[in-house]
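Protein chains: 2
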Amino acid sequence: MMDRNASIGVFDSGVGGLTVMKEIMHQIPNEKIVYFGDTARVPYGDKSKETITKFSRQIVRFLQTHDVKAIVVACNTASAYALDELEKEVDIPMIGVIKPGAKVASEVTVNGKIGVIGTEGTISSSIYPRYIKEINKDVTVIGKACPLFVPLVEEGLWRDPVTDEIAKRYLTELIDIDIDTLVLGCTHYPLIRETVGKIMGDGVNLVNPAYETARELKELLIREDMLRTQEPKLGDNQYQFYVSDSAEKFKRFANSIIKYGILSAKMVNIEEY
Amino acid sequence: MMDRNASIGVFDSGVGGLTVMKEIMHQIPNEKIVYFGDTARVPYGDKSKETITKFSRQIVRFLQTHDVKAIVVACNTASAYALDELEKEVDIPMIGVIKPGAKVASEVTVNGKIGVIGTEGTISSSIYPRYIKEINKDVTVIGKACPLFVPLVEEGLWRDPVTDEIAKRYLTELIDIDIDTLVLGCTHYPLIRETVGKIMGDGVNLVNPAYETARELKELLIREDMLRTQEPKLGDNQYQFYVSDSAEKFKRFANSIIKYGILSAKMVNIEEY
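Protein chains in written order, with the numbering used here: chain Z, 1 to 273; chain V, 1001 to 1273.
Chain Z extracted, bound-state conformation (with noise of 0.2 Å):
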């Protein structure tokens, strides 16, 4: 029987899955969450299946040793291409942010024309058409692999006049094409959400699979009754960071995305999972 008051699991490639972290905190602001990102091997959205995996797979090792009650996998292509292995692996829940993003596009869309926006390993994966389609088969889903948007974020670019041209060169034929719906497969997309938006145009639902993610963990914890019922106090420790490269630029640039001030993020070798 796992302790309700253990910690919650949380990891990405690098900070992107802070997105998620974020709105894990907003909206079960009880629990205690330890974070990993791995970004020493950051990116991993154009590396293969089975490189991805071995990675989740030491990082799952790495949480399991922090006794966490559950695991968020919050990273598209780590959910695209290693949650199902990493499944069948693990006896504590796992979810990742695939499967709440399909669900809520293939609820909001009109028109039954979905587009997916991700790194080329959830794009080529084809996953989020695949649950797409489980949940109604009508529907049609167009994928489009937007590699730079991560380095553009990542390099500050947010409103830009560079983002915007690519931006433009990559969703023209997603605009063509008349979805009604875009999902934001990658965990930094929220953050050029507003240059996404003002190409799609006001009649584009945003799908931020972040959101929906946070929510279907919720639900995980009351249906399991295990909400953590501690208040968190001060000296706690209720959100720990990780990461396998160096701690000062990943603080640099998480505190930008979470705003939490965080003090100190520990350097693992991640390699020894």
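Keep in mind the hints are simulated off the structure, nothing from the lab.
None of these values were measured; they are calculated from a predicted model.
Every residue, glycine too, gets a C-beta built ideally from N, C-alpha and C.
Some hints here could point you the wrong way.
To be verified - Label-pair restraints from in silico Cβ distances:
{"hint": "1", "chain 1": "V", "residue 1": "S1124", "chain 2": "Z", "residue 2": "T172", "range": "33 to 41 Å"}
{"hint": "2", "chain 1": "V", "residue 1": "T1140", "chain 2": "Z", "residue 2": "G203", "range": "49 to 57 Å"}
{"hint": "3", "chain 1": "Z", "residue 1": "D164", "chain 2": "V", "residue 2": "S1264", "range": "36 to 44 Å"}
{"hint": "4", "chain 1": "V", "residue 1": "E1107", "chain 2": "Z", "residue 2": "V90", "range": "53 to 61 Å"}
{"hint": "5", "chain 1": "Z", "residue 1": "W158", "chain 2": "V", "residue 2": "K1049", "range": "27 to 35 Å"}
{"hint": "6", "chain 1": "V", "residue 1": "T1065", "chain 2": "Z", "residue 2": "P29", "range": "49 to 57 Å"}
Following the hints, position chain V against chain Z.
The following block gives chain V in isolation, referenced to the frame of chain Z:
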């Protein structure tokens, strides 16, 4: 005593080092080469010295299992961060790309103002200024990190208005201070040499350390009486390629650089070395 007919080891974070390998193939065509690209953990450019040294050490160990007679660190970031330490640990000659690049730059400048562009790691290490000033203490060396160049090159935007725009932003300050020599301090940059050259203008010498690195390697092998004497022949397996992630993507990009018709690249679990 090393075998003069042994291979030369060449490594990089990914495919960029092939621009160096290409020069070696041209200048000393008899040599056998074992190339390793760390495609599972690419890029190196914005990661810490500690992480890059650990990764490079694993790769050197892997190359040593091939009994290489010399190792070329065909990555500026690894040369900047790891070479000094690794040279102490192995008993075969190691050559990085930075010293050769620094040497040419200090030779070709007339007005004594040299610019260096590279990854965040290479620039913040200040290793180019250090080496250049060891040769000529009277020159001024200005470094500028260009983190978007690698993703733009890998996205294939070698000649593109977006690359022009980003290059203008990065290079303006180097133009303003009137440099007459610019070191392309990242192995990806020769691929956008034309864009950089257009922006810098005809009066600026572009230094590609790849050429000079291959020349230094050749001189070293001659000096040590270690040049390969056997002529390469069919079935010789003269060039071998190893990667840490999926070989398919590597082959596609690699063939666009060295036009050798790379038929196979083997995948290695590099974390085990």
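The hints, checked one at a time:
Here the CB-CB span from V:S1124 to Z:T172 is close to 37 Å, well matched to the stated 33 to 41 Å. For V:T1140 and Z:G203, the hinted distance range of 49 to 57 Å is satisfied, since their beta carbons lie about 55 Å from each other. Distance hint for Z:D164 and V:S1264: a CB-CB separation of about 42 Å, consistent with the stated range 36 to 44 Å. Checking the proposed 53 to 61 Å range against V:E1107 and Z:V90 shows it holds: the Cβ atoms sit about 59 Å from each other.
Evaluation of the 27 to 35 Å hint for Z:W158 and V:K1049 yields a pass: the beta carbon distance comes to about 29 Å. With their beta carbons about 52 Å apart, V:T1065 and Z:P29 fall inside the hinted range of 49 to 57 Å.
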